[in-house]
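Enquirer: Turn these sequences into a full structure, and let the hints steer you where they fit.
So the chains spell out like this:
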Amino acid sequence: MSLKLSNSMAYQSPDLMMFGSALKPVRVRCGMAIGGGAVIPEIVPHPRLGSEQNLKTLLREFERANGDALEQCILLGFPGIIIENEHVSQMTQNPDWGKEIARQTAGQIDDYYDKYGLSAGYRATIADLRKPEVAHLRRSDRASLILEAFEACAEHADIISIESVGGKEISDHAIIRNDVTGMLFAQAVLGGRDMEWLWPQIVGIAKKRGCIAGGDTDCAQANVAMYLAGGFASKDVPHSLAALCRAMAAGRSLVAYECGATGPGKDCGYENPIIKAITGLPMSAEGKTSACAHLSLCGNVTAAVCDLWANEAVEYHEMFGGTTPAVFTEMLGYDAAMMNSSIALGFHKELQACMINSDRYRSPHGYILCPDIAWEIGKAIVENNDSMYSRAKAAALKCGQLMLSDARLRFTAYERDSLLGYMKELEALPDREGDFIDMCLKKYERVKAFKPASYEL
Amino acid sequence: MSLKLSNSMAYQSPDLMMFGSALKPVRVRCGMAIGGGAVIPEIVPHPRLGSEQNLKTLLREFERANGDALEQCILLGFPGIIIENEHVSQMTQNPDWGKEIARQTAGQIDDYYDKYGLSAGYRATIADLRKPEVAHLRRSDRASLILEAFEACAEHADIISIESVGGKEISDHAIIRNDVTGMLFAQAVLGGRDMEWLWPQIVGIAKKRGCIAGGDTDCAQANVAMYLAGGFASKDVPHSLAALCRAMAAGRSLVAYECGATGPGKDCGYENPIIKAITGLPMSAEGKTSACAHLSLCGNVTAAVCDLWANEAVEYHEMFGGTTPAVFTEMLGYDAAMMNSSIALGFHKELQACMINSDRYRSPHGYILCPDIAWEIGKAIVENNDSMYSRAKAAALKCGQLMLSDARLRFTAYERDSLLGYMKELEALPDREGDFIDMCLKKYERVKAFKPASYEL
Amino acid sequence: MKYAADTSGIFSRYDISIEVARQKAREVSEDVLLQKVVEQLVAGDEAGVEASVELALEHEEPMKVINDGLIPGMKEVSRLWAEGVYFLPQVILSSDAMMAGISLCEKRLGKPVKKKATVVTHTPEGDIHDIGQVIVNALLNASGFEVVNLGVDVPVEQVVETCRLRRPVMLTGTALMTTTMTAFPRTAAGLRELGLDIPFVCGGGAVTEEFVTSFDLGIWGRDASQAPEMAEDAMNGMTWQEMRAKWNG
Amino acid sequence: MKYAADTSGIFSRYDISIEVARQKAREVSEDVLLQKVVEQLVAGDEAGVEASVELALEHEEPMKVINDGLIPGMKEVSRLWAEGVYFLPQVILSSDAMMAGISLCEKRLGKPVKKKATVVTHTPEGDIHDIGQVIVNALLNASGFEVVNLGVDVPVEQVVETCRLRRPVMLTGTALMTTTMTAFPRTAAGLRELGLDIPFVCGGGAVTEEFVTSFDLGIWGRDASQAPEMAEDAMNGMTWQEMRAKWNG
Ligand SMILES: [Zn+2]
Ligand SMILES: [Zn+2]
Ligand SMILES: [Zn+2]
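Chains as they are written, first to last, in the UniProt record's numbering: chain A, 1 to 457; chain B, 1 to 457; chain C, 1 to 249; chain D, 1 to 249.
A few of these clues could be false.
So the derived list for chain B, only partly shown, Cβ under 10 Å to chain C, looks like this [said to hold, decoys possible]: (1) Pro14; (2) Leu16; (3) Ser171; (4) Asn223; (5) Leu228; (6) Pro238; (7) Cys370; (8) Asp435; (9) Ile437.
Since the hints were derived computationally from the structure, they do not count as laboratory data.
Source: prediction; values computed, not measured.
For each residue, glycine too, the CB sits at the ideal point set by N, CA and C.
Expert: Okay, structure coming up:
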């Protein structure tokens, strides 16, 4: 492998990490900095059923949704906003659709800037159409199409991103089988290799078009684990496994930044605090205000070091108080206003402590996203950078050790036994990545959709 | 008048006022204290179109909505919740409907307490069917019906409340005419007198049934003014007038507590901080998380001294992350968790400062709800307690003076001119309530729906 | 309590940065007395309008006072509102003043002035926040329409019967709660049964475009301020389908 | 960083307070070898099941190993899941183990064991969070159904054609995005045209009960874990209307 894996921490201590500030802020076209000292809301509307029928209806849908968000900022006096549109498949399948929607939104943003001085930016998140079951990840029409869509959107968008799917065919198999080895293989080896192929191309497109290569998220794997772990009454996947998957995800998603992405990382990358600790790049986060998309046991703590504060996805429709993009812009904007007040007052450490204490001992997932723990996991990653495998395994082991070493983090008997089992399994794995890959290629050869060639294995 | 008007401040200083704590906490049936040291979320689901067809469909609708909220508390580990159901008219028109829904919800709450130890309470808010245009406020079938509905619900509910409408026929006329005199008459004289008739009866019912007489809100008047004032681009009603109406509303809503209500006051009573300063009773509040119901320029500051934290109203339907009661329970619960973390850490003053700084200079309404300003307005109320008129006028004048005296609170030229005009108008009003009433009876005799007899005037 | 010195990251006062400079009303009439009527009207001064109309009526025909004083004055008010100079209360106060002025002219004429057309307004079930109909009534009055205001808590049958008798060019309904807006399609069906294809503008709180455009006759009204222009459209013979195409979608 | 000593106002760990005590699997068979199969199966140990089935097959008929070992073992797993003792992965692993054991028995029998009935499963357009179908497939397999898994990104025509050829007792579809679930009513219409009244269970992310019950054949599935019992209902001859009445509303 030619990719240089991170070998140092951007932040020398977790105490230096704070919401609203990144060591390396980035600027959207209107000049607004992300990570430059203030938290900015990031609203993500989702089009209604039926609006995807043709470009015209979809343009109209996003015109309303994105316009409602911008208008709400004016009504309430919010200084800035990022609008993210995650592509429905039609927008990537027809790269012109994604482009026209990006063009329209850029126009709306310009209008609000001219009329009111509102600072806004647009993130276009391309749909990863490359289903491992049905397409070669690198050599297929679908692979070409997503790159074409990036090109098309980069002309107008401020930020381009993707939630890439490499390894999902193995993680879907592994996560419901308590198979931590499979998750490690899927995330670190397969996901990492796929990103190493994909991200230099995205970064190249962004550079050419003068826009920002935002970043990737392990939505397809670590978030599936988190969703399945669910709440306290759920019985699908142990929370301790979801936490280990999150630590491993950091090693995977980091690849985007190692390939030249500059952030802001995507909201649903709950691994972002770890990545921010390593890279110093600005990150988006979601928490309580993304309850519209899914529940989470880390509603406040995810804000602790965020630069953008987002809602993941809300379908467009009317509520008593206005349309959902307006309603969620209001909630996100006030969350951000509170954080920015704390910065202006010098109370940001206190506010951060409140966020952290809300969720630190609520669940394993909340615990490992606390800045101090996230930083430790990051350190294990950079200190074990022989391979994507070795660093993800180290992240998981460190994560497990930290969880087990803090007596205030309580587990059910089942969760603890499961965790001890995963740790034993991880410790027994081979040292060298090559040996691990050989082992896994054999172990998963019968998994239906898995084609090692997609990863050049 | 026989009612003894408040003559002292429960809090000797605004610095002593804090979210989560009231001088006189109250307890719901399961034992959970409101205002006893922790902020509790209060979720308010609203039934869907069509579910009001019959009792069966409505029971099913609330079974889901209220059940989803309780379940979300378990999934996320929230220690307690209050569920409020604001009656749709059918539930009050048929007191049995309201009763059966209260009974059903009390049963659900018991089940969750037995199974998980969740502390929960139920607030039933009766619909005030007494439209001044079509019914005598005191002697009409509609007046009897609402009392009957209180009786019926009090058997099962933990808390009973109402948003009473006395004076609305005048305030609807006055608010769109920039008529601060009319608003004063509507809120203080008419609203106050109606509450003085209504609330001793509600308190009597609550005592008999062993439930809590929660309180009233000036939703029909001060909130209409606030909604019309809207956001920064709205041109319906000046924000400075809405702020004065809020100050006057405090003199009106206070009557409930003077008649024996013990709190928690209702979420939409934005005048509640003033009332808490005077009475020391626990109060509900809404802010950013009630964006589902309406926008507001005071999304964070309203939390500064709240005991319950609510969403006003959200219609039941599905979002990606679950049903709206579940989604909004999550957001409210995490807001509360952050506040409770700050209390546990001793950072509550810092967090409160962040809430206040978010909105203090955003708009007049946010400014006057800051604890220090609210307390000063309260002080003007208790020091001018000759009559409901004199104290509401004093509240408005004090409110206006404070707004004009703080150079950091900026106004548009139109807003400032309007405010100076209101102040001049208020200062020119008669000293004695009797004279004021005589003046207003003449001035508003042609307003269509106004029947002085409804107020025994 | 500590207050932040720099609030620029917390909020932006767009209202201040975009405030439209106040403007005086334009000169509308060269006749000094009628121009006085216009100025009092634009100022929303009801007593002033009454006084200046009385004065004008000493020298001018009532219809001239109306057509060259009151009506152009109200048009000037509408312009100032449309341009963001005026707020709603200023429009309502001017409207009140105009009605008072017209009333004086009618007294002199000895008969009521012919209104542009009739509009029926109602609220099927009142909510405590429901002020929409009050605003709609005032704005329609100000624009010269005859408003038949049925008020709140109006049964479907009464709405349909009133429309049958008065043959309005438009019907409006406001509602704030979803559980009351079920009345609208029933009202629309009642009108259709009688062959009355009256454009039925529905709006308020929980009333969505999707719902209103799901039944015949329904046109969704986003804001009370749209009512006068919609009524003009209806008066000019637009069908409900044409109005829906113009105002919705 | 400061940490609160008392977190009782912040959160309650209901998961810990309600944890169901672990239970050993019940003894299912008096035959030591078959009981060993059961225990390995309940433990989700695929290699162990294979070993113990091999051993049992030395003394017992394959159908006895299946009927008195593997099937009761899987029933025990289902019981532990239903009672909240087991988590999903334990069920899936046991299911994998059972399939491996059955496969050995079939080899000995020289022919495949007859399945209960056929179910067709599919995802019209895959989303990166879409794991629902994977779970449905595993649970249906574990319950003894023949699963025809069409995978993701399946066109409507292919679903209808497969149903025509395979005549399943039930069809399932999962979707996470609203913009893909429009395929469901088209699939249902295609089946109806061919006279195939197959109960069509739809679920996943954005798929609401309201939507699914708005077209014929549709039954809303709240959770993947419902799939086996629904398939039993369909196999026992329940119509889609009866299933909808039972599972929805
Ligand atoms: Zn996602
Ligand atoms: Zn995502
Ligand atoms: Zn209210």
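Enquirer: Now look at each hint and say whether the structure bears it out.
Expert: Going down the list of hints, with the structure as the test:
At a threshold of 10 Å, the smallest CB-CB gap from proline 14 of chain B to chain C is about 8 Å, leaving the interface hint in force. Annotation: leucine 16 of chain B was flagged as interfacial toward chain C, and the flag is violated, the nearest CB pair being 13 Å apart, outside 10 Å. Satisfaction of the interface hint for serine 171 of chain B is found here, the shortest Cβ-Cβ separation to chain C being roughly 9 Å, below the 10 Å cut-off. At about 7 Å, the closest approach between the beta carbon of asparagine 223 of chain B and any beta carbon in chain C falls short of 10 Å, and the interface hint on this residue holds.
Nearest Cβ of chain C to the Cβ of leucine 228 of chain B: about 7 Å, under the 10 Å cut. The hint holds. For proline 238 of chain B, the interface hint holds, the least distance from its beta-carbon to any beta-carbon of chain C being 7 Å, beneath 10 Å. The closest approach between the C-beta of cysteine 370 of chain B and any C-beta of chain C is roughly 8 Å, which is under the 10 Å cut-off, so the hint is satisfied. Annotation: aspartate 435 of chain B was flagged as interfacial toward chain C, and the flag is violated, the nearest CB pair being 21 Å apart, outside 10 Å.
The criterion of a C-beta within 10 Å of any C-beta in chain C is not met by isoleucine 437 of chain B, whose closest approach is roughly 22 Å, and the hint is violated.
Consistency note: the structure conflicts with the earlier hints numbered 2, 8, 9.
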